[in-house]
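2 protein chains.
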Amino acid sequence: MAVERNIKCVVAYDGTKYQGWQRLKNSDHTIQGKIEHVLSKMTNEKIEVMGSGRTDAGVHARWQVFNFHTRCQKSTKNMMDYMNQYLPEDIGVCQVEDVDLRFHSRFHAKKKTYIYRIWIGEYPPVFERKYVHVVTETLHLQKMKEAALLFIGEHDFQGFCSRKVKKSTVRKINHVQLKQEGHELTISVTGNGFLYNMVRIMVGTLIDIGKGTLTKETITEALDTKDRSKAGERAPAKGLILHDVSY
Amino acid sequence: MAVERNIKCVVAYDGTKYQGWQRLKNSDHTIQGKIEHVLSKMTNEKIEVMGSGRTDAGVHARWQVFNFHTRCQKSTKNMMDYMNQYLPEDIGVCQVEDVDLRFHSRFHAKKKTYIYRIWIGEYPPVFERKYVHVVTETLHLQKMKEAALLFIGEHDFQGFCSRKVKKSTVRKINHVQLKQEGHELTISVTGNGFLYNMVRIMVGTLIDIGKGTLTKETITEALDTKDRSKAGERAPAKGLILHDVSY
Chain A
1 MAVERNIKCV
11 VAYDGTKYQG
21 WQRLKNSDHT
31 IQGKIEHVLS
41 KMTNEKIEVM
51 GSGRTDAGVH
61 ARWQVFNFHT
71 RCQKSTKNMM
81 DYMNQYLPED
91 IGVCQVEDVD
101 LRFHSRFHAK
111 KKTYIYRIWI
121 GEYPPVFERK
131 YVHVVTETLH
141 LQKMKEAALL
151 FIGEHDFQGF
161 CSRKVKKSTV
171 RKINHVQLKQ
181 EGHELTISVT
191 GNGFLYNMVR
201 IMVGTLIDIG
211 KGTLTKETIT
221 EALDTKDRSK
231 AGERAPAKGL
241 ILHDVSY
Chain B
1 MAVERNIKCV
11 VAYDGTKYQG
21 WQRLKNSDHT
31 IQGKIEHVLS
41 KMTNEKIEVM
51 GSGRTDAGVH
61 ARWQVFNFHT
71 RCQKSTKNMM
81 DYMNQYLPED
91 IGVCQVEDVD
101 LRFHSRFHAK
111 KKTYIYRIWI
121 GEYPPVFERK
131 YVHVVTETLH
141 LQKMKEAALL
151 FIGEHDFQGF
161 CSRKVKKSTV
171 RKINHVQLKQ
181 EGHELTISVT
191 GNGFLYNMVR
201 IMVGTLIDIG
211 KGTLTKETIT
221 EALDTKDRSK
231 AGERAPAKGL
241 ILHDVSY
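Residue numbers (UniProt numbering), protein chains in the order written: chain A, 1 to 247; chain B, 1 to 247.
With the rest of the complex left out, here is chain A:
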C-alpha cells in the first residue's frame, strides 16, 4: 500500500457566493465542501481537509491554509493543477507541499492576520464592490487609531464574540493597524486566534467610534464586562479577508 502523505495547501477564495468555509450537510456552497469534493475525485479516497480555521459566510481569504492526508502519489504540482482545473474560478489554490505527517493546520497556526476593507466616499466602489464595506459618514481616523490600541495584548474577548463559548475566550492581539489610502481605509488585525465574529465586532466597534456614536471607553467596558451588548455593531462579512496564517 502506498505511503501516507500529509499535504499542506494555501487557498484564496472570493467568499461572496459561499456559506462559509465549513462543510455543511445540507449545502453544496461551502469552500471546504468544494475542495473535498475535488480532492476526493483526484485521489479516489474520501478526503477530509482541515482548515486553519473557519471563515463565515461571505468572508474572503487571500491566504487560507488547509491540510489533508492521502495515499495519492501525484506530484504536488499535479495536485495544484488538478485542483485549479476543477475548482470554481472563485477558489484558487496558490501553493501545495508535502509536510510532516504531524502537521495540523489549525493546532499549529501561530498567528493569523485579517484585513478589513472600508470604502469611504461619496461615490461607490465599482471594482471593489464585493470586497469592501461602504461607509458614507466621515470617520474620525485618529479616534479609531487610539481606540484600536486598547485591543492590543491578551484579553478575554467574550464581549466581542457572537456566541457563548465554553472554552477559553482569552486571545492575544499583536497588532491592529489602520491605514487610509485614497478612498480606502484598511484595518489589519493580527492575533494568535479569533473567536466567532470577533474581527467583525472589533471593526464594527471601531467604525462606531470613528462615527462618534461610541467612544473608546466602550472597548474597555466590553472587555471588562465580557458583555457582547456593550460592544458596537458587527461589520458586514464582505469587507473581511483572511490575509495570512503563519506557523
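Each hint should be verified, as a subset may be incorrect.
To be verified - Subject to a maximum C-alpha distance of 25 Å in a straight line, what follows is the list of computed SDA-like cross-link-like pairs (lysine to any residue):
1) A:K77 with B:D28
2) A:K172 with A:Q158
3) A:K77 with B:F127
4) A:K41 with A:T76
5) A:K130 with B:E128
6) B:K110 with B:E97
7) A:K145 with A:Q180
8) B:K77 with A:E181
9) A:K130 with B:D28
10) B:K17 with A:P125
11) B:K41 with A:E122
12) A:K179 with B:G182
13) A:K17 with B:R129
14) B:K111 with A:F127
15) A:K238 with B:P125
16) A:K17 with B:W119
17) A:K179 with B:K211
18) A:K17 with B:K130
19) B:K77 with A:T136
20) A:K77 with B:K110
21) A:K17 with B:E128
22) A:K111 with B:F127
23) B:K238 with A:D90
24) B:K130 with A:F127
25) B:K77 with A:Y123
Stated by the list, open to error - If we take Cβ atoms under 7 Å as the criterion, some of the chain B residues that face chain A in the derived model are:
26) A12
27) D14
28) N84
29) E89
30) G92
31) Y123
32) V126
Bear in mind the hints are in silico, worked out from the structure with no lab data behind them.
We put the beta carbon where it would ideally sit given N, CA and C, even for glycine.
Dock chain B against the given chain A, drawing on the hints supplied.
Using the frame of chain A, we list chain B on its own:
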C-alpha cells in the same frame, strides 16, 4: 424656461455584463443606455449622453468621461447621488460638474490612457479574475518592452484595427509602458485616439512577441503594410480598462 446646462461626468464601470459603451436599439445591456435611462428619469427630458469614445463589450473603465445637455436645475452633487442611487452597482459616477456649453467629451479629448492587465502564473487570480487576462506561458518581458517602442509616435494604425475605416487611421501614441509587479504585468498605452480594437491588437501582438511566436519586426511590417493579418491576435476584452481621458 430654465437655462441650458452642459454637465460633464466621470464614470467607472465593470464592463463584464455589458455589450459595451454604445447604446444599441435591441439591447438593454449597454452602459450608455443605462446612464441615459437614469438621466432621462432624473430630468424628465430625453437625455442623450456623449462619451469620450466607445468601449467594446466586456471592456472596463476607471475614468470614462461623458457630457449631456439639460435644463434640469439640480445641483451637481444631487445629480451624482441620484445617478449612483439608480444605476446598477457595476456602474459608478465619480465626478459631476457644470462645464462650458461648447464642451464636447469626444472632440475635446486630447489624450487617453488604456491599461491592459495580464496575469502570469501557475495559479488563478481569484479576486482579479474578471479584470485580467491569464497567460500561462512565460513571457520575455525585455523583448516586449523593445517591441513596444515601435508603437511610439505617429503612425497609420490600419493594420491594428479590426474594421476597414474610411476616415484617417493615423494616430499618435505617446507612451507604451510595461510593468511587472508580482504576478501581474500591466501594459499602459497613452495616445491621442484609438481605432476599433486597436489597443487589444497591440497588446495581443506584444504577448505573441513575449511568447516568442512573433518577433518585433511584425509590428513594423503591420504598420508599413497596414495589413491586419500581419499583426498578432486580439487580446481578450476583460483585461482592458479605460484608465484616463484628459482634456
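Now for the hints, and whether the structure bears them out:
1. A:K77 with B:D28: violated, 45 Å
2. A:K172 with A:Q158: holds, 13 Å
3. A:K77 with B:F127: Given pair K77 of chain A, F127 of chain B holds - Cα atoms ~22 Å apart, limit 25 Å.
4. A:K41 with A:T76: holds, 16 Å
5. A:K130 with B:E128: holds, 11 Å
6. B:K110 with B:E97: Answer holds: K110 of chain B to E97 of chain B is near 19 Å, not above 25 Å.
7. A:K145 with A:Q180: Given that 25 Å is the threshold and the Cα spacing comes to 11 Å, the pair holds.
8. B:K77 with A:E181: Since the Cα atoms of K77 of chain B and E181 of chain A sit roughly 23 Å apart, the hinted pair holds (cutoff 25 Å).
9. A:K130 with B:D28: The given pair, whose Cα atoms are some 24 Å apart, holds under the 25 Å limit.
10. B:K17 with A:P125: It holds: about 17 Å lies between the C-alpha atoms, which stays within 25 Å.
11. B:K41 with A:E122: The hint holds at about 21 Å.
12. A:K179 with B:G182: Judged against 25 Å, a Cα distance of about 22 Å means the pair holds.
13. A:K17 with B:R129: At roughly 15 Å apart (the allowed maximum being 25 Å), R129 of chain B and K17 of chain A satisfy the hint.
14. B:K111 with A:F127: OK: K111 of chain B and F127 of chain A at ~23 Å, within 25 Å.
15. A:K238 with B:P125: Satisfied, since the Cα-Cα distance of roughly 18 Å is no more than 25 Å.
16. A:K17 with B:W119: Between K17 of chain A and W119 of chain B the Cα gap is close to 23 Å, so the pair holds against 25 Å.
17. A:K179 with B:K211: Violated. K179 of chain A to K211 of chain B sits at ~39 Å, over the 25 Å cutoff.
18. A:K17 with B:K130: holds, 15 Å
19. B:K77 with A:T136: Judged against 25 Å, a Cα distance of about 14 Å means the pair holds.
20. A:K77 with B:K110: Violated: K77 of chain A and K110 of chain B sit about 49 Å apart, past 25 Å.
21. A:K17 with B:E128: Distance ~16 Å between K17 of chain A and E128 of chain B Cα, so the pair holds.
22. A:K111 with B:F127: Answer holds: K111 of chain A to F127 of chain B is near 23 Å, not above 25 Å.
23. B:K238 with A:D90: holds, 16 Å
24. B:K130 with A:F127: holds, 9 Å
25. B:K77 with A:Y123: Between K77 of chain B and Y123 of chain A the Cα gap is close to 11 Å, so the pair holds against 25 Å.
26. A12: holds, 4 Å
27. D14: holds, 5 Å
28. N84: holds, 6 Å
29. E89: Since chain A brings a Cβ to about 5 Å from E89 of chain B, closer than 7 Å, the hint holds.
30. G92: holds, 4 Å
31. Y123: holds, 5 Å
32. V126: holds, 4 Å
In this structure, the earlier hints numbered 1, 17 and 20 are contradicted, and the remaining ones agree with it.
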